[in-house]
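S.K.: Working from the sequences, and respecting the hints, build out all of it.
Listed below are the residues making up each chain.
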Amino acid sequence: MSLIPRQIETFWTLFTAPVVWAVHFLVCYVGAAIYCAKQHELGFGFGVVRIGIGAATFAALAIILLAAWLSWRQWGFGAYAPPHDEPTRLDRNLLQGFSTLLLSGLSFVAVIYVAMPALFVTECLR
Amino acid sequence: MIVGNDFSLRERRAQEKRLRAVWANPSGWRYWTSVNNFQVGLWYASAAFAFMLFAGLLALIMRAQLAVPENDLISAGFYNQAFTLHGTVMMFLFAVPIFEAVAIFLLPPMLGARELPFPRLGAFGFWSFFLGGVFVCGSILFDSAPTSGWFMYPPLATKEPGYGADIWLLGLSFIEVASIAAAVEIIVGIMKCRAPGMRINLMPLFAWYLLVVAGMILFAFPPLIAGDILFEMERMFDWPFFDASRGGDPILWQHLFWIFGHPEVYIIFLPAIALMAMIVPTFAQRPIVGYPWIVLAAVGTGFISFGLWVHHMFATGLPQISLAFFSAASEAVAIPTGVQIFVFIATMLAGRVIFSVPMLFGIGGIAVFVIGGLTGVMVALAPFDWQAHDSYFIVAHLHYVLIGGMLFPIVAGIYYYYPLIDSKRLSNRLGKIAFWLMFAGFNVAFFPMHLTGLRGMPRRVFTYPAGIGWDWLNLVSTIGAYVFAASVLVVVYDVLRPKHRQPGGEINPWNAGTLEWISEPEENWGVRSIPIVESRYPLWDQKDLVRRINEGDFYLPDAEEGKREGLVTSVLDARPLQVLRVGGTSYVTIVSAASLGMVFVALTFHWWWTALVFGVAAFASILYWLWTGTSEIPEKPQKDVGLGLTLPIYASGPNSVGWWAMFITMVGDGTAFASLVFGYFFYWTIHGDFTGGLAGPGAFWPLLSLAFFAAAWGATVAARALNQGNRTDLARASLAAGCILTIAGSLAAFLGPWSHTMEPTAHVYAAIVWILVIWLLCHAAVGAVMQLYCLARSFAGRMTAEYDGDIRNVELYWHFLVLTAVVTLLVIGLFPKVL
Chain A
1 MSLIPRQIET FWTLFTAPVV WAVHFLVCYV GAAIYCAKQH ELGFGFGVVR IGIGAATFAA
61 LAIILLAAWL SWRQWGFGAY APPHDEPTRL DRNLLQGFST LLLSGLSFVA VIYVAMPALF
121 VTECLR
Chain B
1 MIVGNDFSLR ERRAQEKRLR AVWANPSGWR YWTSVNNFQV GLWYASAAFA FMLFAGLLAL
61 IMRAQLAVPE NDLISAGFYN QAFTLHGTVM MFLFAVPIFE AVAIFLLPPM LGARELPFPR
121 LGAFGFWSFF LGGVFVCGSI LFDSAPTSGW FMYPPLATKE PGYGADIWLL GLSFIEVASI
181 AAAVEIIVGI MKCRAPGMRI NLMPLFAWYL LVVAGMILFA FPPLIAGDIL FEMERMFDWP
241 FFDASRGGDP ILWQHLFWIF GHPEVYIIFL PAIALMAMIV PTFAQRPIVG YPWIVLAAVG
301 TGFISFGLWV HHMFATGLPQ ISLAFFSAAS EAVAIPTGVQ IFVFIATMLA GRVIFSVPML
361 FGIGGIAVFV IGGLTGVMVA LAPFDWQAHD SYFIVAHLHY VLIGGMLFPI VAGIYYYYPL
421 IDSKRLSNRL GKIAFWLMFA GFNVAFFPMH LTGLRGMPRR VFTYPAGIGW DWLNLVSTIG
481 AYVFAASVLV VVYDVLRPKH RQPGGEINPW NAGTLEWISE PEENWGVRSI PIVESRYPLW
541 DQKDLVRRIN EGDFYLPDAE EGKREGLVTS VLDARPLQVL RVGGTSYVTI VSAASLGMVF
601 VALTFHWWWT ALVFGVAAFA SILYWLWTGT SEIPEKPQKD VGLGLTLPIY ASGPNSVGWW
661 AMFITMVGDG TAFASLVFGY FFYWTIHGDF TGGLAGPGAF WPLLSLAFFA AAWGATVAAR
721 ALNQGNRTDL ARASLAAGCI LTIAGSLAAF LGPWSHTMEP TAHVYAAIVW ILVIWLLCHA
781 AVGAVMQLYC LARSFAGRMT AEYDGDIRNV ELYWHFLVLT AVVTLLVIGL FPKVL
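Protein chains in written order, with UniProt numbering: chain A, 1 to 126; chain B, 1 to 835.
Note that these hints are calculated values from the structure, not bench results. These numbers come from a predicted model, not from an experiment. Ideal placement from N, C-alpha and C gives every residue a C-beta, glycine not left out. Please note: incorrect hints may appear among the correct ones.
[Said to hold, decoys possible] Some but not every residue of chain A turned toward chain B, in silico, with C-beta under 7 Å:
hint: 1; residue: Ala32
hint: 2; residue: Ala59
hint: 3; residue: Phe98
M.R.: Put into structure tokens, the structure is as follows:
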């Protein structure tokens, strides 16, 4: 049994990486907002929040990399050049693969953007 | 090579006659009962445009007032009404609906379909929008328009005297229903009704954009509906959701409003840029460069735009880490936005550009939008925003974004697509005059506002003192605004002027490559026969396509049974799956929309009995609509659609478009519910003890209710399975049992807060628990009606083991309902205990 999922043909894989971005964004924002609202009832410091954001970011980037690899595979590992506009199942698959790969790239960068505040902000300053 | 149908000329003429009869519009005043996408799209666009002119007039009045300092042309009160309605109407009655209009008008021919899958829903959406819009706009004539700004911030708006705020809340909630109806129609249409062969890699880019936008509507509009509910409960019954003295918080409204409000900017922008994605290739005379990059841009923008809402709230005192997340996402969204602009530039560089009027408006719009985008990157930085917040700098920024990103492309679209309406082009000369007036007028009006803002002039002031450096800047803005208005008048004149001397018959005058250009304005059938698509630009690449379509060489060239028919195809590869029969001309859409509209009007003025009467009327007309117009058992199981292909006429479950419509609607519904749950936890975060020391609903009643709802869900699922297995009596018994269990579950849910005398006006905790319970009860009531409806359909012989679309959709509804019950009842019953 391989750990890498086999190729599936569905519309929804297109959204994998952006969904990971959205979940990561919500985890960071909601986590930090709850911490800052309830910090006096919680027995740990803001450093834990930053480490948590770091861990979430690491996980999100890892999943996006996996999604990117899968889409690279769907794109035939780059063996075919765009525009993928032939009326064939192959070209439809290649377009899906390439678009998903592009979205993975965007999501990867956007996750890093969103995580960066945790590098600089060190307390619940209002 | 695709083999054709080979009909004789006589057969073809007979087919055309039948098709024409089936798709014909009624004449006389019954014309307004039409549900055809062509008419509805045109009405929709005209109404939206008329609302835009109205809102523009309000802007001109405001600019006249601001032309000189200490002016007394209009009163402060009227000025407040004017800016509130201007923003509200432009956003809710023009910017969003115009895209729905264009989508309804263009999508079917562009996808090679005859119609969208739910034409009556489309017409219902239009009438809801139109009636709601007239109601909201009409309020200013009675000096009772809302006055608190288009975002209605409490406590100013919750305390606003008169009916203005209620008109805003209820009128717009009604219009949001129309938007969600359009989203359902558009998503199912694009996913399931494309012409055979139009695989997703061949789909027009317009459809990609619209798919993303319709998806965004599902997640953006429901939070506002949830917010409207809370807001109206506070205004109508004094439930303290936004009243800080009783545990509420005005910031919650800002969250809910902007979770809607920011994605809305992109909901407006993406369809306009989608028009550009159709126009640029035509005038560059080559396919778009970087099709997958546009997919990236559309989907990427769609997602990231949901991570920006707090940048409207930078000045509310949220923790800096929160601000920073949203600031970062606001910078990130510039990446996909920029990508599509580079794609257009690359396409123009790679092709030979014809500088026609649509291209002028398109390029001018992009230039304006880029300036707005750059000031957007500036205000996305919290420290800069703190300086510019609520100043005219923001007014300048948002108008650069919206007018450049939306109005210019829309005018480009009008000039480009006008020949689809009556086979004639608009005037080139007038178009160029309009463009230069608009481009110059716009910049003269809005560029100085950056400076007025940086010099400290706040938004929403009806006048200002002389001699503080704002005078001449305001005067220049006013002059620009009137030049801009003149350009709009030129466009209006060009559209409305009589054109009978102009030669007609211009089908595809720009030599475009996409399918919408086969549409003949004098025929109502959309496409004569549904083609097989093999290219992104079929009119450029598929030889003889137009002739063959018009000779009935492809699918469904006839209407033997006298029904309006289209094809359902698979999501990825557009393989033909089913013949879809869609609803025709009907009064039921207008009656339903009008009675539902009257419910909202009556609620605004607290006419409870009138609201009840019209509520019953709306309920009855919708039931009649469903009973007579949906899930009809066909006279034969399948039919020959031409080219030797035979397809089923009926489908149920995930194979049917109705099931998808239910799924999509419930996703939107689930988002509204999630917003209310968000409210519950929001109150938990802002208080040490969020119950305010009050008793909760306890655990007993909620858990008992949960058991009943779970059983009711089980009974519904069982009824579907039994019905499918031809055990009709058991299925009926199971439905009846399910209905009783639903009522029992609802009673138990009600008794939780009721038996603990939770007083919703006393504290926000009681209010939010009640609102969650009421939400559940309303959905349970619908669930019970659905169970009874299936029971009745089964007895009437309209639902059988083979034709079970009704119960499958009801089962799907119940999956969502049981999820709602689980979340509601566990949250209100157990969360207070675990603290």
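S.K.: Have a go at the A:Phe98 hint: is there a Cβ in chain B nearer than 7 Å to its own Cβ?
M.R.: Hint on A:Phe98: holds, closest Cβ of chain B at ~5 Å, below 7 Å.
S.K.: Return the status of the interface hint for A:Ala59: holds when the least beta-carbon distance to chain B is below 7 Å, violated otherwise.
M.R.: violated (17 Å)
S.K.: Using the nearest Cβ pair, does A:Ala32 come within less than 7 Å of chain B?
M.R.: Holds, because the Cβ-Cβ distance from A:Ala32 to chain B comes to roughly 5 Å (cut-off 7 Å).
In terms of the numbered hints stated before, the structure departs from hint 2 and from no other.
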